[in-house]
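Colleague: Here is what each chain is made of, one letter per residue.
Number of protein chains: 2
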Amino acid sequence: MATRPAETPEPPYYAVVFASQRTEGDHGYGETADEMDRLVRQQPGFLGMDSARDGDGFGITVGYFRDEESIRQWLVQPDHAGARDRGRAEWYHHYSVHVAKVERAYRWDRP
Amino acid sequence: MATRPAETPEPPYYAVVFASQRTEGDHGYGETADEMDRLVRQQPGFLGMDSARDGDGFGITVGYFRDEESIRQWLVQPDHAGARDRGRAEWYHHYSVHVAKVERAYRWDRP
Numbered sequence: 000m001a002t003r004p005a006e007t008p009e010p011p012y013y014a015v016v017f018a019s020q021r022t023e024g025d026h027g028y029g030e031t032a033d034e035m036d037r038l039v040r041q042q043p044g045f046l047g048m049d050s051a052r053d054g055d056g057f058g059i060t061v062g063y064f065r066d067e068e069s070i071r072q073w074l075v076q077p078d079h080a081g082a083r084d085r086g087r088a089e090w091y092h093h094y095s096v097h098v099a100k101v102e103r104a105y106r107w108d109r110p
Numbered sequence: 000m001a002t003r004p005a006e007t008p009e010p011p012y013y014a015v016v017f018a019s020q021r022t023e024g025d026h027g028y029g030e031t032a033d034e035m036d037r038l039v040r041q042q043p044g045f046l047g048m049d050s051a052r053d054g055d056g057f058g059i060t061v062g063y064f065r066d067e068e069s070i071r072q073w074l075v076q077p078d079h080a081g082a083r084d085r086g087r088a089e090w091y092h093h094y095s096v097h098v099a100k101v102e103r104a105y106r107w108d109r110p
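For the record, the sequence lines run as chains A and B.
At position 109 of the first sequence the residue is numbered 108 (numbering that gives the first Met the number 0), and the sequence of numbers has no breaks.
At position 27 of the second sequence the residue is numbered 26 (numbering that gives the first Met the number 0), and the sequence of numbers has no breaks.
Since the hints were made in silico from the structure, they are not lab data.
This one's a predicted model, so the numbers in the text were calculated from it and none came from an experiment.
By construction, the Cβ of each residue, glycine as well, lies at the ideal position given by its N, Cα and C atoms.
Among the clues, some could well be false.
Residues on chain A that point at chain B, a partial pick, calculated with CB under 8 Å [said to hold, decoys possible]:
#, residue
1, 18
2, 20
3, 21
4, 53
5, 95
6, 97
7, 102
8, 108
9, 109
The list that follows gives simulated cross-link-like pairs (lysine to any residue, SDA-like), each with its CA atoms no further than 20 Å apart [as the list claims (entries may be wrong)]:
#, chain 1, residue 1, chain 2, residue 2
10, A, 100, B, 70
11, A, 100, B, 60
12, A, 100, B, 47
13, A, 100, B, 65
14, B, 100, B, 69
15, A, 100, B, 55
With these hints in hand, go ahead and build the complete structure from the sequences.
Modeller: Put into structure tokens, the structure is as follows:
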């Protein structure tokens, strides 16, 4: 497993915060989520990602990208676009997306 | 419970992304987390918050604030400062903080 939280470079860069409430049952979600995880890591400008989902099916994924163009390219990636369509059809009750420019970041590790 | 994901106003505003790996056991964490949740909602400039922690103790909390001054005021709030000290002493193995200016946001709700 990758280091958690993700190790990110010196700002500036972009964060995409995806917060979602899952529907009941899997319906192929797990397999697609794993595939999206694999694909986004190949995306030019991808810098890192953190993700957590609680026992009630509410989750937050934060993806870090070099610039807005990298985000745009990921949005038009065909498999990702298809996964988003399926997400609205089957996997999510609600979601929100916030696109934000990271101005500063720090990390703490237990000594 | 508040609406999830949080309903946020039209950008611009700020997001603070806190990603953390908890230590084992509670050690008073739950009680303090509830108290911080209550206090931050009274903080001038607080706009909303989403939070999820998975079964492995990895969690992401995203707080939304009107401006940098609102974030600064929350950081110097005495109870919050004390909770952060205790977090480093007892509750977290690792954490990261990303402060980012939200440029655009959207939300989807199942029709």
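Colleague: Look at each hint and say if it fits the structure.
Modeller: Evaluated hints:
1. 18: Where the cut-off is 8 Å and the nearest Cβ of chain B is about 4 Å from residue 18 (chain A), the hint holds.
2. 20: Since chain B brings a Cβ to about 6 Å from residue 20 (chain A), closer than 8 Å, the hint holds.
3. 21: With a minimum Cβ separation of about 11 Å from chain B (threshold 8 Å), the hint on residue 21 (chain A) is violated.
4. 53: holds (5 Å)
5. 95: Constraint on residue 95 (chain A) satisfied, holds at 4 Å.
6. 97: Residue 97 (chain A) check passes; min Cβ-Cβ to chain B is 5 Å, inside 8 Å.
7. 102: holds (6 Å)
8. 108: Given a least distance of 5 Å, the restraint on residue 108 (chain A) holds.
9. 109: It holds, given that the least Cβ distance between residue 109 (chain A) and chain B is near 5 Å, below 8 Å.
10. A:100 with B:70: Given that 20 Å is the threshold and the Cα spacing comes to 16 Å, the pair holds.
11. A:100 with B:60: holds (17 Å)
12. A:100 with B:47: holds (18 Å)
13. A:100 with B:65: Roughly 15 Å separates the two Cα atoms, so the pair holds.
14. B:100 with B:69: holds (13 Å)
15. A:100 with B:55: violated (29 Å)
Figure legend: structure checked against the earlier numbered hints; hints not met, in rising order: 3 and 15.
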